Every structure is written in C-alpha cells, then in structure tokens.
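K.L.:
Each chain, letter by letter, is given below.
Number of protein chains: 2
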Amino acid sequence: MESADGVNRGENGHAIENEGPLDEEVPRFWSQISERNMTYAEPLLAKRINTTSQIAIVGANLCPIESLDYEIFENEIFKQDWRSRRKVQVFQYIVLKWGFALLIGLGTGLVGFFNNIAVENISGFKLLMTTKFMSKNKYFEAFIVLASCNVGLAAAAAALCAFLAPAAAGSGIPEVKAYLNGIDAHSILAPSTLFVKIFGSILGVSAGLVVGKEGPMVHTGACIASLLGQGGSRKYHLTCSWLRYFKNDRDRRDMITCGAAAGVAAAFRAPVGGVLFALEEAASWWRNTLLWRTFFTTAVVAIVLRSAIQFCATGKCGLFGEGGLIMYDVSAAKVTYSEYDIIAVLLLGIIGGLLGSVYNYLVDKVVRTYSIINEKGPAFKISLVITIALLTSCISFGLPCFAKCIPCPADVPVKCPSTVSGNYKNFQCPPGHYNDLASLFLNTNDDAIRNLFSTSTTREFRISSLFIFFAAIYILGIITYGIAVPSGLFIPVILAGAVYGRLVGRLFESLSKLDTGLFALLGAASFLGGTMRMTVSLCIILLELTNDLLLLPLVMLVLLTSKTVADNFNMGVYDQILKIKGLPYLEAHAEAYMRTLVASDVVTGPLITFSGIERVGNIVYALKTTGHNGFPVIDEPPFSDAPELCGIVLRSHLLVLLKGKNFSTDRAFSSRNVFQRISALDFGKGGSGKGIKLEDLDIQEDEMDMFVDLHPITNASPYTVVETMSLAKAAILFRQLGLRHLCVVPKSQGRPPVVGILTRHDFMPEHVLGLYPHIKPHKHA
Amino acid sequence: MESADGVNRGENGHAIENEGPLDEEVPRFWSQISERNMTYAEPLLAKRINTTSQIAIVGANLCPIESLDYEIFENEIFKQDWRSRRKVQVFQYIVLKWGFALLIGLGTGLVGFFNNIAVENISGFKLLMTTKFMSKNKYFEAFIVLASCNVGLAAAAAALCAFLAPAAAGSGIPEVKAYLNGIDAHSILAPSTLFVKIFGSILGVSAGLVVGKEGPMVHTGACIASLLGQGGSRKYHLTCSWLRYFKNDRDRRDMITCGAAAGVAAAFRAPVGGVLFALEEAASWWRNTLLWRTFFTTAVVAIVLRSAIQFCATGKCGLFGEGGLIMYDVSAAKVTYSEYDIIAVLLLGIIGGLLGSVYNYLVDKVVRTYSIINEKGPAFKISLVITIALLTSCISFGLPCFAKCIPCPADVPVKCPSTVSGNYKNFQCPPGHYNDLASLFLNTNDDAIRNLFSTSTTREFRISSLFIFFAAIYILGIITYGIAVPSGLFIPVILAGAVYGRLVGRLFESLSKLDTGLFALLGAASFLGGTMRMTVSLCIILLELTNDLLLLPLVMLVLLTSKTVADNFNMGVYDQILKIKGLPYLEAHAEAYMRTLVASDVVTGPLITFSGIERVGNIVYALKTTGHNGFPVIDEPPFSDAPELCGIVLRSHLLVLLKGKNFSTDRAFSSRNVFQRISALDFGKGGSGKGIKLEDLDIQEDEMDMFVDLHPITNASPYTVVETMSLAKAAILFRQLGLRHLCVVPKSQGRPPVVGILTRHDFMPEHVLGLYPHIKPHKHA
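As they're listed, the protein sequences go chains A and B. For the first sequence, position 405 (counting from the first letter as 1) is numbered 423 according to the working numbering, and the numbering increases by one without interruption. For the second sequence, position 13 (counting from the first letter as 1) is numbered 31 according to the working numbering, and the numbering increases by one without interruption.
Looking at chain A on its own, in the form it has when it is part of the complex (with noise of 0.2 Å):
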C-alpha cells in the first residue's frame, strides 16, 4: 500500500534522522523520498548490495515490498467478532477449511497433469516431425524443423512472461518462500502470474529448454491456493459471509503451505515428500495441525493423479505415453552393496557436493549477469530467450551427430533401435543401431533421466557419451537459469547428477556391485544435495519418484556428505537467488553479531505516533506523508495520569476508520455506535494490492478538524522489548512470533512511553551492519 504514493519505504520512518518536530521535517522528507526514486535507475543488482532491503527484484522490476501481518491483532473490533462467533461460525470456518485444502489439491493435480499431457504432446509432435525428416535422410531440414519449434516455443513463453507477468520467470520457489516468511510483494502471487506460470512452463519445457516443470508447480499450487485464499471478489459480488474468516494473512500463509506442498507432489508424484518439502524448505512457521492439513492436500493430488493416469491408460490423451508423469521404477534392480560400493558412494557425494556448490556459484554469476540484461526491457529478454534456444537445439542436435552408431544389444526388453523416445534412439544410424547421445539429447528431459537411471543396462552409454552429455547439460542447466521463462531447477539438476552418477558408476564398473542405474539416482541425489541443500524432504522424494525403500541408507549417505561439503563453500541456491532478488528473508536463528547491540542501537526517531483521540487532519496528513504502517497510540491527560503507550494501530484499520466517518467535534471517548457502522468484515484484510487507499478517502475540510477515538481499532496488546534488550533477543522474539511491528519501550521512567518501532527491515544484516560499519559479521560463522 505505501507503494501507492511512490514512497518506498519500510514501516517506520528510519529516513527521518533530524529530531525536529514534524512539521519541520517534511520539506526535507520529501527531498529524501526523491532521492530514493533517482536510486531506482541504478539496477538494483548491478551495485550487488542492497542496503535497503524495502524493494526487491520481482520479475526483474524493481519493486516496493511489505510485510505480512500474521499478527493476531487484538483490538476492540476483532475481540467484538471472536466474542460473536458461535458454533455454527466455527463449523464454516473448519468446513471452508478443510475444504480448501480439498480444492488446492485438486487444482494442482489437476494442472500438473494438464502440464504433464500438454508437453507430453507439444515436444512429441516435434519429436515425431523431426524424425520423419531424419529417416529422409534430410538432416538439415531436421535440424531447421528442430531448432524453429523450439526457438518459437521458447519465445513464446518468453513473451508471456515479458508482456504478461514478468514475475512468472524462474523457479519461483525463492518467491514462494519468501512470501511464506512474510514478504508481500503484490505480483507474486497474482492471477496473471498463474497463468503465465502454467503456460510458460509448458512452452518451456515443450521447447526443450534445460528447465524444470518443479519449481512452476510449486509456484502454481501457491498461486492457487493464494487466488482462493482472497475471500472472494467483493467489487464482483463473488463473496460470501463464510470466507471473511479467511480474510487474514495467517490463514492465506497456511494455505499457500499446503499449495506449495500440493506442487511438490504433483510434480513428483511423492505426496510425502511434499509435505516434507513444504516442512523443510518453503514454510517459516509451522505447525503440527499444519503437517496434516498439507498432508492431506497431498493425498488428494495423489488421488488426482492416479485417478488421471488410469484415465490415459486408455489411450485418450495423444502422445502421452507411460512416461507422461515422471516416476523412474528402479525397484527391479537388486540392491547389494559391499564396502567398495560405499566408498564409491562417499567420493560421489563429496565429489557431487564441489559440483553443487561450483554449480551454485555460477548459477549466482549468471543470474546477476542476466538480471543486467532483462532489466533493459522486454524485447531484450525475448532475444536472450531465442539466443539460448538456439544455442541448446545446436547442441542437442548437433553432438549426437558426431557419435558413432552403437549396434543394438541382443537381449533387451524394449524396442531398438525407437524412434520418437525409449531408451535406443536411432538418428542417423543404420537398422540395427543406436546413437546413445541422441537417446539422451534428443527426448524430453523426463525421458533421458529415464534412460540414465534404467537399471541392467550398465553398457547401454558410453564413457565418453556420458562425459559429453554431462558437460553439456551442467553448462546448458546454469546459463538456461535466470532467462526470462518459468524455469525449474530441479529437473537440470538431477540430469545433470544422474548421467555424472552413471559415469562414476561406469568407472567403478569392475568393483562395484552395484547398478549403474542405481548409480544414476545416487549422483542425482549427490547434486541435489550439493545445490539445494535439503536432506530429508530430498530423501522422501528420490524414494517415492524411484519407488525403492531398501536404497534409503545410500540415498541419505550420498545427501549427507554432499550437504556437508557443498555447504562449507555457499548457501543454498534458492537462498542464494532470494539474496540476489533483494527480498527481505528473515532468518531463524539472530546473527552473532547482534547479541553485541541492544534494541535501542538500531531504532531511530522520531516517531509518528497518535493521541487515543486524534485529530482527523493530523491522521490524513501523517498518512499523507509518511510511508509508515503502524503508528503508537499514546492516551495522554486527561484520559491518563501521565502518558502511556495504549497499543498500535494499522494504516489499513485506520483509513478503513476515516472512511467510515465515526467523528466528534470533541475530545471523546467514541460511543458503541462505531461498531454498528463498521463490521469486523470491513477491517478484513483484502489480498495484496486490495483494499482502501488514502485517495479513496473524501475527507471534508470541516471534518479535518475533528476528532476520531482510534480505541476501539488499537490492538492493546502490542509486543514490546525495553530500549536495552539484546538486539539477538529481541530478534528471536521478532521472527518466532511473526511480528509486523515490535514497540521498544524505555528503560527507565519519566520519558515517552514508547521509543520507537522496530520493523523487518531493522533486523536485515545489511542495515545493521550498515549502521555499525566496524562490526565484523562473520567473527564466529
């Protein structure tokens, strides 16, 4: 909301550093405020710090960010609703409940599945043509037909994204979890970015690009559950008196939760590790009614999902073969280890770690790179769109060619040589034979990881195809990332980790009892490890995708190890793209450093804050000027002995207050009446980018001389740490309970009751440690 007068500011005013009054500061406020606008034609990222941490990166655009208010606001009004609400009131909001998480999980079922046929069907067609060309013997019009379908696939998604919904690009599991530790940054979560979402991906992914269709799925099944989390439309009518209980941030976090955990599980078909997904990596609060709630949204998308593929089955859904939804069966190979075999699986994850981390690094490098580039305007993010595309069907097409034909085993199960996918794809080679890199460049991504992790097929690749592949895929997996389509990591990443497993595998061939297949998903599990850094939720997940409990101990071996070493070099790669995008995450633990500062060391003044009975005027004109929030309520004599902190208000309640007209001419308290004009439904929380703004407001020049009781909307029960509590402490007691606004009182009697406010931003690394330049952040890592 504060975005909508161009101030780009936090929640409190820590621009204001004179202590003159206020009317004093405002000539100098606002030339701030244009200084901070001439700061947004520097691209954010090309200065590689962000000192302010109130705007991010949304789609390459710079953009104004807030906070989410998980707060329980207990004022007046909201005590009024509770108290009101009897049972059959609590039954809706439990039914609504339940069944949201019901409609969440149908929805993203229902979407990956459209996904999964739609690409099945786009990349088969294309697929199908260019083989037809290939058995011509024409393989320059193969390479054309190639390379057009997928450079007009790519920039098509691109446009999408460009044009439509620039914060659809990328994995969107950053964005995701970021709103999920209280950063609204209104696009996000955007109907236009649903669908965006949905179609780049299968653009994308139809294009043959080195992306995923995971992370979409995520964002998707967010956006899902945002869209139906905004308690209905009231400007189209489409509400109901059962969903204004959900007009709250606290229960839309729950359900984007479980939308998270419900993509995970689409994508994946692992409705377990969806929940341990949502658990491990995307949810900053937790808790247990959570863990069955998501579970449950994920047993739906199961249902879903097995109740779709039945449906094929039948044949009903084109080129969408068995392979349509990933599931890599490797159950049928016998899992035997003996101690060579651990050690091979102890260098694949340290090696497989390194590899993470330089993955990530470069990954970092990329996007940054990129980001330069998108910034400069849409048409310049289609042409790198086109540009990547190109480059990949060159490579994709043009490696297999130099590769010789392998002449088909006698005794495999499948058909060889295949034309459109399987395990042995024909190219250019004569009957009979088989081009092993065209088996893997030239499928959809889904398919060759198939092939690399098919078990009892040791010889079926080369060594030096593999090394090939493995070298094209890393490169192609970090330059693919950052470009401006809806691109998933995992899917590079476990390509790129399974045909490195296979080539470890092939090496150990001598010594190992172990399956190459089996090889395969172990280095993708050493990849994963390496750059995502999750263990459990990663573990679940490689076992429900591969269907085989008895290799649990190698799996969580490999991602141990690999976690281990990768982390000993840099961060995660989703922290690592939410510390590029700027956004304001808030960790769980209080940095070091911190517990050398006190609360009062970062709060600086002075504070707009309002009399229990306030002048109309000065409400609209502090509005008016000020980005701020939450403002302290203060009742002074004679409504009080001596000043005293009387709670908080919000910017929202209060210009839902103005609106509503309640105003006396004189200094009093407000009669009952205020809440016979005002319904608790009016102080709901509408979705980001909803709800009044100061310009809706129509304020007479007479009225701006009375007086509103700000009472009945104060939350009385404010958070508040005294002016010398540990900066650490206060940071824990921030983060654990979700706050918006946390009131610093002074220590010692005989000054104004509340010093001032400490927001998000103030807890940032960067201002803190912008503020005490001499303080090393890293004394004791």
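By construction, these hints were calculated from the structure, which means they are not laboratory data. Nothing here was measured: the structure is a model prediction, and the numbers come from that model. Careful: at least some of the hints might be erroneous.
Put simply, identical chains are the same to the list, so a pair is met inside one copy or across any two.
Stated by the list, open to error - Derived pair list, reagent style BS3-like, types lysine-lysine, alpha-carbon separation capped at 25 Å: (1) Lys794 x Lys97; (2) Lys597 x Lys383; (3) Lys711 x Lys433; (4) Lys642 x Lys677; (5) Lys97 x Lys765; (6) Lys105 x Lys794; (7) Lys394 x Lys794; (8) Lys794 x Lys597; (9) Lys531 x Lys711; (10) Lys334 x Lys115; (11) Lys150 x Lys422; (12) Lys394 x Lys352; (13) Lys703 x Lys679; (14) Lys97 x Lys677; (15) Lys422 x Lys394.
Got chain A; can you put chain B on it based on the hints?
P.N.:
Frame of chain A; chain B shown alone:
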C-alpha cells in the same frame, strides 16, 4: 532443587497472597507449605484433578517438577564467555555436536539390536520347551512350563521396575515428550531408568505380555542422549573442557530429540519415520538444523542395524532368525484396488477410528485404576504384574485348545506344520494339520504380526479364529498398559489393528481385489491413527516397515479417516497419559478463554526482588524460605534515578556466586576480579538433580551483613510483557520462545518496575480456571 527443602512450589510465589512485608509473611508461608505437604498423602490420581501442576506422577510416585532453562541467559558471564570463544572452540563444539549424534545413533542401534536378540532367544527357548512337552501330549506340563516362564519373567521385570526405577514403567514416550516440552522431573532420564528400561523391556516382552518394545526404545534413546549430555562428571573427574558447551538445557534438548528419533528408527528400522516421529510427536521446539542432525542419527542407526543383521545371517545369534528385527515385507503382493476397496478402506478407517478412541478411553480408566494399586507399594505392583501375566498365559494357551485343526494347504512355500515359529503352528494337531489360533497366540508378538501381514494366504485363518484373537488382544492390550513394566503401546495397537484389518478383509473377500495381508496392514494403520493420532510419521513408519510404497495413497486415506473420526471423541493416547501423570504440558496454541484475560489477572504478588547490590543475608534468607528459581533484580537510587528493572537472576547462579564469596563491606560495584574467581564453567547447568545446594554453602554470620553485586549474573535482557497484555498473547510468547520466567511490567509510571513473574504454572488451564471458575473452557472449541 526446590524439592530439596520440601517446598514443592513453582518458580514464583503464588502461594503468598498477603500483601505484607517479607518478614511478616513467613509464618503464614510455612503454614501453607505444611498444608501443601498434607495433600501429598492423598493420591493425585484418586482426586482425578491436578490443581497444582507443580507435582507430577513419575513411576506412580508423586514427584516435584521443575521447568528447564531453554532461554539463552544473557548475563555478563555468558557474554564474557561468548566473546572469548575462538574459532577452535567453535570447531570443538561442532565436532562434539556431531560426535554425540554419532554416539547416540550407535548406542541406540546397538541397544535395539541387543534387545531383539535377547527377546528372540528367551522367548524362543520358552516356546521350544512348551512345544517339546506338547509333542509328547503332555498338555498340562506344557502349560505349567509356559505359565511359570511367563510369570517368572514378568515378575523379574516388575521387581526391577518397582525397586530400582519406578520411572521406567510404561511407554516412556509421554515422559520424553514432557521433557522436550521443558518439564524436568529428575528420574525420567536417570541412568537407573535407562538400565531398567532396557532389561525390563526385554523381560516383559519375553514374558509374552501384550506389550511392545517400541515406546521403551524411544525412552532408551532419550536416556542415552541425556547421559551423554550431562557434560561428564566433575565429581569423578570424567569431564573435559570440550564438554562445557553442553552444560545447558538447550543443547541437551537437541540431543534428546535426536535420541527419541534414534529410538523409533531402531525399533522399526524406520530412519525417516524416526525423524518424523521426533518432529510430529516428540519435539515441542524444532529447528531446521535439527532436522539434519536427527536425520544423521537415524542414518547411523540404520547402518548399525543392517550390519548387525548381516552378522546374524551367519547364524551366530542363537535363536535369532530372520524375523528378529521386525520388518514385514508385503511388497510381494500386487497393489490393485477398485472402487469397492476404497469403500472398504473408508469403512476400515471409520471403524478403526471408533475402536481406537474407545481403546484410549479404556486405557485411561485402567491406568487410573492401576495407579491407585501401584501407589500402595512394590508388593502390590508385582502382584498386579503377576496377575496379568498369568491371565495372558491362560488365554494364550487355553483358547487355542478349543480351536479345530486345519489341514495344511498343499502349495505353501513355508514349512507346515511348524514347531517353534512360522505361519502354521502344530500345537495339539495331528501331523499335516495346524492350529490357526496357536499360530497367533503362541508366538512372539512380532511373529504374530508377521503372520497376519503375510500375503497370498487368504484362508490361513478362519474368521472365527480372527474374531477370538481380536477380542482377546484388544482387551489384553488395554488391561496390560499401566502395570509396572516398561510397556510400549505400538505393538499391541498394531497387533489388534492387523487382526481387525484381516477380519474385514475376509468379510470383503468376494468383493475386493486387495490381498488380506494388505488389509491387515491397513487395519493396523487405522488403529494407530485412532489411538496415537499421528499422521505423516505413522504413514512413513508403516511404509518403511512393510517396504511397499505403492500402498501410500491407501495408508494415507485410512490414517486421515481414523484420526478425523477419533479426534471427535478424545485426545491421543500419549496426551491422555501426560494429563493423567499431571505433567504440565504447554500446548503450542493459547486456549480460547485466555483472550478474555490479561497478564495481571493471573499474576499474584508480592514478589521477592533483589537490589542490584544486595545484602548477602537477604539473598540467603530468600533462597531458604522460597522455592523460587528466578528473582527480578531492581536497580534503585543512588544507582539509578528511579527504581528500574535491571533483569533477572537464577537461583542456581546465585548459589554459585554465594559459594564464590565475592563479598564486599559496602554497597559498590564489584571489580572485574569476579570473573577471575568464578569461571563461566561454574555457571554451566549440570544435569537434573546436580548442582550446588543451599546446604552446601558455608556462610559465616559476619558475611551475612556484607554486600554482593548481582549485576554480573543478571540477565539484563529478560522478556517482558505489559500487565495489560492479553494472556493469550503472553502465552504464545512464553511457549514460542521456550521461556521459564516472563516478567510482567506495569503499564503506568510511578509504580514498582515489575509487577510479577509468569511461569509455566500460570498458563496451565487448571490454574487459570481455578482462579476464574466462571469461565467456561470450551466456549469456542
């Protein structure tokens, strides 16, 4: 510690209700204590309410409880110590942290394995003897041998429990859960408890009682972790400077969480299930870094168990066969299901939920009744155990006598009839026939479950036999819990659930495509969901136990259904036991009625406070006459302009300071040599029951009038709430941050700077509703 002087009171003095000065209140105070002590004679359970919440039942004895210090106590000593930590010490800490995780995994894995070997050998020997007599048609002798073995083993277990460690009786999961919630009862994790838990569990399970070894394994894992977390023993010089960083409750809590996870992993060979169990059921505070550490611990357990099984495969473990460590592989059965099966499964879930909640209800009644018996003394405890053991023997030998013999099926891969273990027990039958009831009753519980889960053996058990076994096991399970032996609840519930599921499977035989073995699995899931009320962790445990991921959607469905149904009637069985035992468990959410109260409504005064520089005599007097663990420190003129809250000191720190005798004759700040005389190591918190006691102090009469500076040990950053803060919000603050003391400060100026202290006790529903009897607790359920 406060139990030392017989004063069983909370951390702050709610008992003191008069407003007079300290000296006047003493007589009244002591009279109150003697009143309190009188109530001890009455059993807590007989009254069926717990109004004090400061005494709990640990092993049928009333026992005073304390809270744990999970908050980082930021005083000068801590800060000094923390600043002086160098990289090498951080490294030591990290190495030790992971070293301990390794040791916990190793220890729990080995104990789990030892437990299995011992049980298999003892009960194998017992069954072998019985069978020998049976084969000579000496039925009566066979019964005498069986019954006397059972009674002897059970009596031994009961004697261990009654004389050595009463706290070892029962499951142990509620106690671990309470510890992780911040409740400290000395004996819960003591070494004697560990010893009795291991051997008592072996004896009890071998005695053929319907008890499991899973709950005790969790408790064992927690005890091992607690023992490691003591930071060595200074008394026996078994410590080193490395261990000092673990002398606090926070690090112990983390280790015990790992121990609980390791316990489940060892009991079920379910490493991921163990992690999830710790997350969903055991832990009250969870961090993502802990996820990783528990994961590592359970991975170690998995590796230990795997190696041990490979060792036993060579035949060196006596009667320990393949069935030693439970693992019911059902992956041979093909998972296909139709709509009928879904309906059958839903029905299974609904009835399972109902039966589960009835189970909980009856267990509650039985435990309350048994407690009254157990409180009468060890002889009563042992007699009760002997009665139950005799009853179990009669049922398990008597009922099969009435069963008809069934001819062996022609085409079974296993031996039929078999003598010791196996699916088809001979019992009294002629050659070529088997007794189906004996196959269930005269086996270890693990083997009985394996028989019920066995696939492709639809008609092995007659419907009537299944029904008889179900009724017997359901009732035996209920009447066995609560006797004085270590007794897990998982196995009885799985056993009853499996036979119930198989029964339903037989009834739906003609309509269903699902194997009866899978029905048994789903039945077990429905019972577990109905009693334990966990979801994701049970799901994973069952899948890891049965090695069949394709069952996932069905298991999820059945768990969700049964939990939903059962939640309408009562709480989970562990929460019930917590309540019976009177352990003051802090729920994660605030109760609804707390919104109508404010912090000052539950705080009672007056408070005992200290000056920043206090007379030694005052401190000694306060420590002697109260049981408080935290005292506010007030800075007064001339050290400040007006009285202001300096912070809070802990009893244990005061004792260390007094022992150091750093006194001065005038009111003055102590020089820095306090840090030279007393190191941070002295302030480290020993394990429960350790630490300096008041009697250990030797303070001369003349020292009583000297002064001591409390500032170095004062936590200058205590969390505070204003007295008008809603109690619900204070409760959330208290619980989320894991506090022990929460200072309540006045709202208006000119009053003493602290109104009171809130502790765990003040948030207990019993206490709050005791103060305000007119509040209806379940207005908004």
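K.L.:
State for each hint whether it applies.
P.N.:
Results of checking the hints against the structure:
| no. | hint | verdict |
| --- | --- | --- |
| 1 | Lys794 x Lys97 | between (46 Å within a copy, 17 Å between copies) |
| 2 | Lys597 x Lys383 | within (13 Å within a copy, 56 Å between copies) |
| 3 | Lys711 x Lys433 | neither (65 Å within a copy, 80 Å between copies) |
| 4 | Lys642 x Lys677 | within (15 Å within a copy, 61 Å between copies) |
| 5 | Lys97 x Lys765 | between (30 Å within a copy, 21 Å between copies) |
| 6 | Lys105 x Lys794 | between (56 Å within a copy, 14 Å between copies) |
| 7 | Lys394 x Lys794 | neither (36 Å within a copy, 63 Å between copies) |
| 8 | Lys794 x Lys597 | within (19 Å within a copy, 49 Å between copies) |
| 9 | Lys531 x Lys711 | neither (68 Å within a copy, 61 Å between copies) |
| 10 | Lys334 x Lys115 | neither (35 Å within a copy, 56 Å between copies) |
| 11 | Lys150 x Lys422 | within (21 Å within a copy, 71 Å between copies) |
| 12 | Lys394 x Lys352 | neither (54 Å within a copy, 58 Å between copies) |
| 13 | Lys703 x Lys679 | within (19 Å within a copy, 59 Å between copies) |
| 14 | Lys97 x Lys677 | within (21 Å within a copy, 51 Å between copies) |
| 15 | Lys422 x Lys394 | neither (44 Å within a copy, 86 Å between copies) |
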